[in-house]
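Asker: Generate coordinates for the entire structure from the input sequences, incorporating the hints supplied.
Here the working numbering is used: the first residue of the sequence shown is 10, the next is one more, and so on.
Keep in mind the hints are simulated off the structure, nothing from the lab. Remember, it's a predicted structure, so these values are computed and weren't measured experimentally. Virtual Cβ for every residue (Gly too), placed ideally from N, Cα, C. One or more of the hints may lead you astray.
[What the hints assert, rightly or not] Using C-beta positions, here's what the derived DEER-type ranges look like: (1) Glu56 with Ile13: 17 to 25 Å; (2) Phe59 with Pro17: 23 to 31 Å; (3) Leu32 with Arg60: 24 to 32 Å; (4) Pro14 with Val37: 17 to 25 Å; (5) Thr24 with Tyr54: 24 to 32 Å; (6) Val58 with Asn23: 16 to 24 Å; (7) Arg60 with Gly35: 16 to 24 Å; (8) Asp31 with Ala51: 16 to 24 Å; (9) Ala51 with Thr24: 16 to 24 Å.
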Amino acid sequence: MDHIPSLPKSYKGNTELLIWVDLFTGYVIAKASASRIAQTIAESYEECVFR
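Answerer: Written out as structure tokens, the structure reads:
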């Protein structure tokens, strides 16, 4: 997992980018986020990776 903070604000209010990479296949998942709060990151992880 990687985190890119402090991006310009999008029209939906997102300023962060969360990125997950599957080390076996190289598959990349990225999700925009509005905050760095652990709860928000955990929910994004659950939503994107365990779908």
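Asker: What are the numbers of the hints the structure violates, in ascending order?
Answerer: Violated hints (numbers, rising): 3, 5; every other hint is consistent with the structure.
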